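Participant: Could you put the whole structure together from the sequences, leaning on the hints where they help?
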Amino acid sequence: MGKYWKIILFSAVIISSVGGYYIQQTMAASTNDVSFTIETTSGNKEEVNNLVFGAIYQSSDIFREIYFSKDGTTGWVMNSLIEDFLNSKGPYVLRQITKEHRNFMRGKELHPNQYFEDESRLIYTTVLNDSKEMRKGESVVFQIDILDKNQNDSASFKINTPNQTSSAWLNVEDVYVKNGKIKLLTTHFFENGAEELHIYTIDENKREFETDSIISKSGSKGRSINDIRLFNDFSTFQNEKYYLYADHDIPQYGNVENEINIGNIYLYNNSSNEAEEWEIPADLKPNSELMILHGEAIFIPVFSANGIELHRYNIEKKKWEEPLSFNYQSKFNEEELPFLKLSDERLYLVNPVSDGNALFIGDLRTGELLYEGKITRENSDHLETDYSLIIQQLYSTN
Amino acid sequence: MIEVKNVKKKYGKKQVLSGLSFTADKGEITCLIGINGVGKTTIMKAIMALIPINSGEILIDGEKIRKESFEKVTFIPDSLAMLPKMRIRDAIEFMADFYKNWNPKRAEELMQFFKLDTTDRIADLSKGNMAKVNLLLGLALDVDYLLMDEPFSGIDIFSREQIAEVFTSHLIEDRGVIITTHEINDIEHLIDKAVLIDNGAVIKEFRVEEVREQEGKSVIDIMREVYLG
Amino acid sequence: MKSFLKLVNFELNRFFKLYFILMGLTIVSQIVGAFIVAIVYMNDAERIIYERQISSSQYIEEYGVFSFFNYFNSGWFLMPIIFCIALLILYVFFIWYRDWLGKNTFIYRLLMLPANRVNIYFAKLTTIMMLVFGLVGLQLLMLPVEVKIIKSLVSEDFQTSFSFNEIHHLPILSWLYPVRFTEFVMMYGIGLILVAVIFTAILFERSYRLKGIFFAIVYGILSFCVFMVPLLLNSFYTNYFYPNELLVLQLVATIIVLGSAIWIANHLLKHKIRV
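Protein sequence lines, in the order shown, are assigned to chains A, B and C.
Taking the numbering used here as reference, the numbering of the first sequence is continuous, increasing by one, and the terminal residue is 462.
Taking the numbering used here as reference, the numbering of the second sequence is continuous, increasing by one, and the terminal residue is 285.
Taking the numbering used here as reference, the numbering of the third sequence is continuous, increasing by one, and the terminal residue is 350.
Please keep in mind that the hints were generated in silico from the structure rather than gathered at the bench.
Don't take every hint at face value.
Mimicking EDC-like on lysine to aspartate or glutamate, the simulated pairs with C-alpha atoms at most 20 angstroms apart in a straight line are [stated by the list, open to error]:
#	chain 1	residue 1	chain 2	residue 2
1	B	K70	B	D254
2	B	K183	B	E217
3	C	K81	B	E149
4	C	K178	B	D205
5	B	K82	B	D200
6	A	K67	C	E121
7	B	K123	B	D153
8	A	K172	C	E320
9	C	K178	B	D146
10	A	K349	A	E373
11	C	K226	C	E121
12	C	K347	B	E124
13	A	K163	C	E320
14	A	K281	A	E341
15	A	K70	B	D146
16	C	K77	B	D153
17	B	K141	C	D174
18	A	K222	A	E197
19	B	K120	B	D81
20	A	K67	B	E124
21	C	K81	B	E127
Note that the structure is a prediction, hence the values are computed from the model and not measured.
Facilitator: Dropping the structure here:
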């Protein structure tokens, strides 16, 4: 054993230096961990129980995507490549169905817009053409995959559409399924920048193409390009009763402040298959870019230093209802609008304040402010004082 | 007993061994005789699995060579099989370390017999002394079989005499030895069996004593008959 | 196994002399470099301050503070590292060929040892890995020393801080010291497999000589392809495999490549090797 002293010493030096280095790294890293908490200022604490926020954290030269809830923060720790690789990405709803239906979800594109779900089935649509072929003018081919959740088996079929198109590519914006018909709301994009909104109707049982109707066309006028803006939140899998869309000018050169870029606004009714123009009151026109269609109402938020006034138009009744007011004192910065999400009859609002981000949760039916709280960064003594937290998504885990 | 059965080996296009067969018994000195390139060194390397063979079989005490066989048989090649930078004592230490059957007393005995100094570096030794070290590293192992390739080549006459002495001593006694050499004169009186090889095959395999008694011929006589006659 | 350890000990001892020279070279070059870079910086700063009669803070405003990158980007620091890497790469080949060279027939001795010949393969592989890790460890130990030297020579006002987390911004070192330990294992694991495959390729050449070079190349390319299968699968069938499935596939591919390298080496050493 005596003659092995060289190797033993050598190995010991290696293990202690490399091991020591990495141990020290992990320890140093944890003192610089960043995490966020939600402090309740007033209201019902239970409202934040199942909420998960996805946000971008920025501080000096650090830029990180994190998720946090009342229970903790994830995504901060510099995961090893392997952990990063293993962690699912993408919208929360899709992560859930991927877990439940692994085989069906293989190789599928991860945009909630392309999915529909009810108690018995999960339907996925995608466009099969690639842009090279499309530019040559061939007709659109859709692929539809239907998973029967009860029987746990799936079917897949292609739908050829007859009309040739000269678009460069297209997006499936929404899938609407009712009475044996699958309707696909798609945006066609042309090389010159113009867009078209189509609704393709497909017979689910016969698995045949039925109709392709163009419900809107944008054009290019002079120096500006038009696109078609959709004001629905397509991140759920449920049917949207209505689509709210409008012509949208994107001026090319020089942005004149206060220039209103929204043109004519339309409302499409998925039950009657009809679109009609919708008039926005003149006083609300400046806020037309912030319109949200949620459920059966059109909401238009107006922000001020005193809070938010949510104007609402009931589509069934064809009338404006009393606007909802949620009052809070806060900086109002026109450049950085608050994060606003309408979901499940709730309003969620996050607004940056001096020492964190203020969180407000309101009831869309009653106009009551259900919760007020603050999102603050923990462990701030060890960290750079200036940071920004920009909320990107919010979902509920129940 | 080492049995070589019908071994064939090709190097590229050249058939170096073309069905070579012979046996070497323990307790006997078997000499492989033949001109250069006839396959003598090749077959020795083949026995030690230092080169692969194309066909045939080589058995050592009835079994194919395994790692344990290297404690039973050793090969002393005609070049040095140790690092030249090593001192003799380093080489001895190496052998003692790896081989269970290294006999340190015998090594010591050989060092004195050959009048070598353990602190000499192998590379600095004369050719004769280097050959002696080579021999030492093989002889100090308690193996049953010793293969020696040209132990006398390029050695001065006095060293040759010393090495020849080893053969008659107790150092060789019960072991089986296979030796190749050109200098048949030096050891004709020592060998028990002669194997004459030509073109990669055995032409004649005979017991030296028997032939001398029965036919009155020496090994060289037989060689003349076979190669030239 | 004892023979394995003895062989590792032997191989390391064989190289230790050259290794100490390498280590010495690295230490000397890097330490001298630390002194020189710091002193030169201070001299330059002092000279300009004197010539232009400006204050230290004015100097800093114009020319910036001393950045450790000056040192870590310098030849004094990087050249020994590059030299060591180059030498070790050469030794990956030489560790085998040296036993066959010229009058040296030490390979006879190795092949006739009363042990499984694959131990020779494992011993040389382990030796290379230890030599690599030795230098890796040496550099880690040197870094705080070098930083201290520089900090003591450059006056306070001109200094910036340097923490070891910044290693990943440095050239070459960012590769040698991945951020996380799992990545360290991955990187050096891939290195190990590469050396294993090269070793087996060398054994092909040593067993079949000219034909062997061809076998070696084919074997090398095959190993590379098998290793890349999961990656290729993923690029052709994007998103078909879930990440954890890809990870398992990659693990399997890795085991196949390493396992076959070892198995083939063992087979060649036992049955096909030629002295």
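Participant: Work down the list of hints and note, for each, if the structure agrees.
Facilitator: Evaluated hints:
1. B:K70 / B:D254: holds, 14 angstroms
2. B:K183 / B:E217: Holds. B:K183 to B:E217 sits at ~15 angstroms (cutoff 20 angstroms).
3. C:K81 / B:E149: With a Cα-Cα distance of about 12 angstroms, the restraint between C:K81 and B:E149 holds, given a limit of 20 angstroms.
4. C:K178 / B:D205: Holds. C:K178 to B:D205 sits at ~16 angstroms (cutoff 20 angstroms).
5. B:K82 / B:D200: holds, 7 angstroms
6. A:K67 / C:E121: Outside the cut-off at roughly 54 angstroms; violated.
7. B:K123 / B:D153: holds, 16 angstroms
8. A:K172 / C:E320: The given pair, whose Cα atoms are some 16 angstroms apart, holds under the 20 angstroms limit.
9. C:K178 / B:D146: holds, 19 angstroms
10. A:K349 / A:E373: holds, 14 angstroms
11. C:K226 / C:E121: Roughly 17 angstroms between the alpha carbons, so the hint for C:K226 and C:E121 holds.
12. C:K347 / B:E124: With a Cα-Cα distance of about 19 angstroms, the restraint between C:K347 and B:E124 holds, given a limit of 20 angstroms.
13. A:K163 / C:E320: holds, 13 angstroms
14. A:K281 / A:E341: Holds, because 14 angstroms separates the two Cα atoms, which is no more than 20 angstroms.
15. A:K70 / B:D146: holds, 17 angstroms
16. C:K77 / B:D153: holds, 10 angstroms
17. B:K141 / C:D174: The hint holds at about 13 angstroms.
18. A:K222 / A:E197: holds, 17 angstroms
19. B:K120 / B:D81: Holds. B:K120 to B:D81 sits at ~16 angstroms (cutoff 20 angstroms).
20. A:K67 / B:E124: violated, 25 angstroms
21. C:K81 / B:E127: Between C:K81 and B:E127 the Cα gap is close to 17 angstroms, so the pair holds against 20 angstroms.
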